[in-house]
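On the provided structure of chain S, position chain W as indicated by the hints.
Each chain, letter by letter, is given below.
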Amino acid sequence: MSLYASRRRSNLTAMALCLLATTIGIVWLFLILFSLLLNGLPHLTFEVFTEMTPPPGETGGGLLNPIFGTLMMTVLGVGIGAPIGILAGTYLAEYGRYSKTTPTIRFINDILLSAPSIIIGLFIYGIVVVPMKNFSALAGSLALAVIVIPVVVRTTEDMLLLVPNTLREAASAMGLPRSHVVWHVAYRAARTGILTGVLLGVARIAGETAPLLFTAFSNNFWSASLMKPIASLPTTINSFINTPDANMKQLAWTGALIVTLAVLALNIVARILGGTKKQS
Amino acid sequence: MTHATPSLDHDGRLSAARSKILARMALGDRSFHLVTRLCAYGVFILLAGIVVSLIMGAWPAIQTFGLEFLVTRRWAPQLDEPILGALAPIYGTLLTSFIAMLIAVPFGLGVAIFLTELCPIPLRRPIRVAVELLAGIPSIIYGMWGFFVLGPFLAQYVEPGIVWAVQDIPVLNIIFGAEMISNISLFNASLVLAIMILPFITAIAVDVFSTVPPVLKESAYGIGCTTWEVVTNVVIPFTRVGLVGGVMLALGRALGETMAVTFIIGNSFKIDGSIFSPGTTISAAIASEFAESADLHRSALMYLGLLLFILTFFVLAAARLMLMRLEKRAGA
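Residue numbers (the numbering used here), protein chains in the order written: chain S, 1 to 280; chain W, 1001 to 1332.
One chain only, chain S, in its complex shape:
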């Protein structure tokens, strides 16, 4: 009987520890959100979205130019990265499914998916910033595109592989060429899944800082030019946090709150989209 009791005891201990780990894990999420709200929310005013970043020593000001910069580079990054990623994912799932190079491509893509983003920044610095001789919004967008591509390749391939082969066979039997089968049957069936992948890609790059530090750099003034340095929310947070100026520090917290809420919202939307797909 004592053996039974000791087994029971160790089981209870282990399970209690697992419960504890889960509680702590979830408490972190709320702690982080709580301190963001505490520090960022009181100053989340309308002006934050309409005014430019302030110079040190002044009060007021907003985050208009970094918000615009982040939006512009994210849209461009996804605009460049998502089509390439979708097409590459299409090759892996449709044309090259049984090709010998496919596993290698998939393997390398998976590695790029988790490669440190600062390395991507160095790469774009080397091939775009150095030849152009200055930091630019274009370089930032390209760096973000390089980060988006593996995410989209992976989800597109996974989603296309879920499309039942009978659908493709039925379309082929009606005489449709392969590209039409892909466009009109496979893409249509996997549409929400692919969209989820693109949204996850957006969520991933919207808060990226490291690859922008030496590609888009930063800019305290309004700029919409592709060829000039441009501010973005994460890099602005990064530079404002380290200043002694209280007003700028405050704006950094507000910016952090905006980025986090935006990224969480994107993740939740992507999950809802992906979730409805699974249930139906």
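Keep in mind that a hint or two might mislead.
[To be verified] Using C-beta positions, here's what the derived DEER-type ranges look like:
| id | chain 1 | residue 1 | chain 2 | residue 2 | range |
| --- | --- | --- | --- | --- | --- |
| 1 | S | Ser225 | W | Arg1325 | 42 to 52 Å |
| 2 | W | Glu1218 | S | Pro164 | 22 to 32 Å |
| 3 | W | Asp1168 | S | Glu47 | 52 to 62 Å |
[What the hints assert, rightly or not] Some chain W residues well away from chain S (every beta-carbon gap over 10 Å; in silico):
| id | residue |
| --- | --- |
| 4 | Ile1062 |
| 5 | Gly1066 |
| 6 | Glu1068 |
| 7 | Ile1083 |
| 8 | Leu1094 |
| 9 | Phe1098 |
| 10 | Pro1122 |
| 11 | Asp1207 |
| 12 | Val1212 |
| 13 | Val1234 |
| 14 | Asp1272 |
| 15 | Leu1296 |
| 16 | Met1322 |
Hints listed in this document are in silico derivations from the structure and should not be mistaken for laboratory results.
Computed from a prediction, not measured in an experiment: that's the story for all the values here.
We put the beta carbon where it would ideally sit given N, CA and C, even for glycine.
Same frame as chain S, but now just chain W:
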């Protein structure tokens, strides 16, 4: 029947219009195939491009310092003839990742066990989503939070106690010793890293645990095993390869993480053996010095980047190979 196929002429052959359409379709088909293939091979080009551009950027530093770069402790870019060595950032990178894994792996596995074996089913999805959302928070937010919230808390309430408790114990008083406790230290950076990679480990462990065939677990429960015994004797042995793969994937993340670490590690190039003193990692050194660097200094930072890429490449490659082995077994 006679009027149903107007595109066939009287002899039943394809009309000119129809064969033109077919030719166009065939062309479209071939070009679409080609375009998708080019994009897929673009992945190779990307990898090759990263390696080549890093090597090119690092070349002056490779020529100057060679492999001695790896074991040189000094980092003095301001000298007329700069002496630059990667030992301190390598030490910081490995140490912070190691401590982070030490904390995050047991926690992550605990959460995964809770989610797969213990948690009431209606709660499983919300908890999983919450943990996954934790993974989506941008890393700069973790860095900020670590610097302003976690760091001061640890420096005020936790670390002085530990330093005091071990001050007379040899070895430990070096590891946990500190002349001055600030909210910047290797340990704080490791803790923030641990919080960051916890969701990755959990997500992968839950996926890997769900590959265990229910029959195996049910038979263990059937002969009277407790939940803990099922986990240690059935689930973990069955998924060992995948778990190691998942842990290494998280390690790959931890090694290359930049923004979460940069604020709180202090970017100081010394090695004094204490985890409560400031240090640096490869990525933190690049992030904080690259913009102000020039010439050989910049090239040395590129060299650091190359080292980081090689290191993470091998860790991630090993991780993927192990996960693939598990997938193959689960599929068979």
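Do the hints match the structure? See the list:
In this structure, serine 225 of chain S and arginine 1325 of chain W meet the distance hint of 42 to 52 Å, their C-beta atoms being roughly 50 Å apart. Look at glutamate 1218 of chain W against proline 164 of chain S: about 30 Å separates their beta carbons, and that is inside 22 to 32 Å. A hinted range of 52 to 62 Å for the beta carbons of aspartate 1168 of chain W and glutamate 47 of chain S is consistent with their spacing of about 56 Å. The non-interface label for isoleucine 1062 of chain W is consistent with chain S: the shortest C-beta to C-beta separation is roughly 14 Å, beyond 10 Å.
For glycine 1066 of chain W, the non-interface assignment is confirmed: its Cβ lies about 21 Å from the closest Cβ of chain S, beyond the 10 Å cut-off. Listed as a non-interface residue, glutamate 1068 of chain W keeps its Cβ farther than 10 Å from every Cβ of chain S; the least gap is roughly 22 Å. In this structure isoleucine 1083 of chain W is separated from chain S by more than 10 Å, as the shortest Cβ-Cβ distance comes to about 22 Å. With a least beta-carbon separation of about 15 Å from chain S, leucine 1094 of chain W lies farther than 10 Å from that chain, consistent with its non-interface assignment.
For phenylalanine 1098 of chain W, the shortest C-beta to C-beta distance to chain S comes to about 17 Å, beyond the 10 Å cut-off, and the non-interface label holds. In this structure proline 1122 of chain W is separated from chain S by more than 10 Å, as the shortest Cβ-Cβ distance comes to about 15 Å. Remark: the non-interface label on aspartate 1207 of chain W is consistent with the geometry, its nearest Cβ contact in chain S lying 13 Å away (cut-off 10 Å). Interface exclusion of valine 1212 of chain W from chain S stands, the closest Cβ pair being 17 Å apart, more than 10 Å.
The claim that valine 1234 of chain W lies off the interface holds: its Cβ sits roughly 14 Å from the closest Cβ of chain S, which is beyond the 10 Å cut-off. For aspartate 1272 of chain W, the requirement that its beta carbon stay farther than 10 Å from each beta carbon of chain S is met, with the minimum near 25 Å. With a least CB separation of 16 Å from chain S, leucine 1296 of chain W remains clear of the 10 Å interface cut-off, as annotated. At roughly 12 Å from the closest C-beta of chain S, the C-beta of methionine 1322 of chain W stays outside 10 Å, upholding its exclusion from the interface.
In summary, this structure violates none of the numbered hints.
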